[in-house]
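Undergrad: Sequence:
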Amino acid sequence: MTKLTCPDCRHENEPERIYCHNCGARLDRSALKAKSAPIDSAESTREHLQKMFAADPGRNKRILLRLLKIFLGAFCFAIVIQMLLPPDLPVEKKSNAFAPMINMDLFTALQSHQPPRLTYNQEQVNGYLASAIRRSNSPAKQGFLPIDRIFVQFEEGVCRINVRQGFFGFPLSDGSFYRVSVDAGKINAENTGGYIGRMPISPPLMRGLDVIFHKTWAGLARDRQSIAKLAGIEFHPQSVTLITAR
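Its first residue numbered 3, the sequence shown is counted upward by one per residue in the numbering used here.
Bear in mind the hints are in silico, worked out from the structure with no lab data behind them. Even glycine gets a Cβ: it sits at the ideal position worked out from N, Cα and C. Take the hints with a grain of salt, since some may be wrong.
Derived Cβ-Cβ restraints for the label pairs, each shown as a range [claimed, not checked]:
1. 223 - 72: 43 to 51 Å
2. 189 - 63: 47 to 55 Å
3. 65 - 181: 48 to 56 Å
4. 84 - 109: 36 to 44 Å
5. 123 - 185: 19 to 27 Å
6. 117 - 223: 20 to 28 Å
7. 118 - 85: 42 to 50 Å
Taking lysine to aspartate or glutamate pairs in the EDC-like style, the calculated list, with each CA pair at most 20 Å apart, reads [to be verified]:
8. 231 - 192
9. 5 - 18
10. 188 - 225
11. 5 - 30
12. 143 - 236
13. 63 - 45
14. 231 - 150
15. 188 - 212
16. 95 - 49
17. 95 - 45
18. 143 - 30
19. 231 - 185
20. 143 - 94
21. 188 - 236
22. 5 - 45
Please model the complete structure; the sequences and the hints are all you need to start from.
TA: The following block contains the structure:
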């Protein structure tokens, strides 16, 4: 610590004194100011530079990565919520009318080639599907994620298949849309999109997710075998026509 020397008695005084502690003479503080000013200025500059460069150079990167993780987490959470929410679909109608035995109609028509065309409206097909999955031996009711509803919607050239499955009492809905044709005993189904919950799924991605309909196809295996024997199939708004013979 710099001390002030009295010019009269040469007594060393503390730097904050104005008068000599020994003889009372006024101290010359100009020398102290001249020495302390550059030192204080250099010291403050050094401290300022230390603060500037002492910051962690990777701090901004870590903050950016943290924000990115938060954004991705929120995005994924929003997708999951959309997939769990029930879609806006028609309410299931309860009907006392007997569902048509479409499988028996197909069997008879394929054996006798009469009539050459069978036409069913959307309500008839959905009634048949509802009765099919209610069978006690239906694969749709067995195993994990049992199916409690399958219904279709017909548009021009497109069949929309909607499925509702149960997950510990919680309903999960998904659907897939197809352009269907039959050629030489083979069903050709071109996927045109689909959904899971309220999340729309693009056709390329939906083709990869077709595994989620495995139980649906298993439950309708017998019907698919009959359809594969058709000469053709046509979808129109609210109806489907099965061509049994040319």
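Undergrad: It remains to establish, for every hint, whether it holds in the given structure.
TA: Against the structure, the hints:
Checked against the hint of 43 to 51 Å, the C-beta distance between residue 223 and residue 72 comes to roughly 46 Å, which is consistent with it. Checked against the given bound of 47 to 55 Å, the beta carbons of residue 189 and residue 63, roughly 54 Å apart, stay inside it. With their beta carbons about 49 Å apart, residue 65 and residue 181 fall inside the hinted range of 48 to 56 Å. Hint check: residue 84 to residue 109, Cβ distance near 42 Å, so the stated range 36 to 44 Å holds.
For residue 123 and residue 185, the hinted distance range of 19 to 27 Å is satisfied, since their beta carbons lie about 26 Å from each other. For the hinted restraint 20 to 28 Å between residue 117 and residue 223, the CB-CB distance of approximately 25 Å keeps it satisfied. For the hinted restraint 42 to 50 Å between residue 118 and residue 85, the CB-CB distance of approximately 43 Å keeps it satisfied. For the hint linking residue 231 to residue 192, the alpha-carbon distance of about 18 Å falls within 20 Å, and the restraint holds.
Between the alpha carbons of residue 5 and residue 18 the distance comes to roughly 9 Å, so the proposed pair stays at or under 20 Å and holds. Our distance criterion of 20 Å between C-alpha atoms is met by residue 188 and residue 225, whose separation comes to about 13 Å. Straight-line distance between C-alpha atoms of residue 5 and residue 30 comes to about 11 Å, which keeps the hinted pair within the 20 Å bound. Pair hint residue 143 plus residue 236 does not hold up; C-alpha atoms about 29 Å apart against a cutoff of 20 Å.
The suggested pairing of residue 63 with residue 45 is violated, with an alpha-carbon distance near 31 Å, which exceeds 20 Å. Pair hint residue 231 plus residue 150 does not hold up; C-alpha atoms about 28 Å apart against a cutoff of 20 Å. For the given pair, residue 188 sits about 18 Å from residue 212 by alpha-carbon distance, which is consistent with the 20 Å threshold. For the hint linking residue 95 to residue 49, the alpha-carbon distance of about 79 Å lies beyond 20 Å, and the restraint is violated.
Straight-line distance between C-alpha atoms of residue 95 and residue 45 comes to about 85 Å, which puts the hinted pair past the 20 Å bound. Between residue 143 and residue 30, the direct Cα distance comes to roughly 103 Å. Violation of the 20 Å bound is thereby established for this hinted pair. With a C-alpha separation of about 9 Å, the suggested pairing of residue 231 with residue 185 holds against the 20 Å cut-off. At roughly 18 Å between alpha-carbon atoms, residue 143 and residue 94 fall within 20 Å of each other, so this suggested pair holds.
Proposed proximity of residue 188 and residue 236 is supported: the alpha carbons are some 15 Å apart, at most 20 Å. A distance of roughly 19 Å separates the Cα atoms of residue 5 and residue 45; the hinted pair therefore holds under the 20 Å criterion.
This entry does not satisfy hints 12, 13, 14, 16, 17, 18, going by the numbered hints stated previously.
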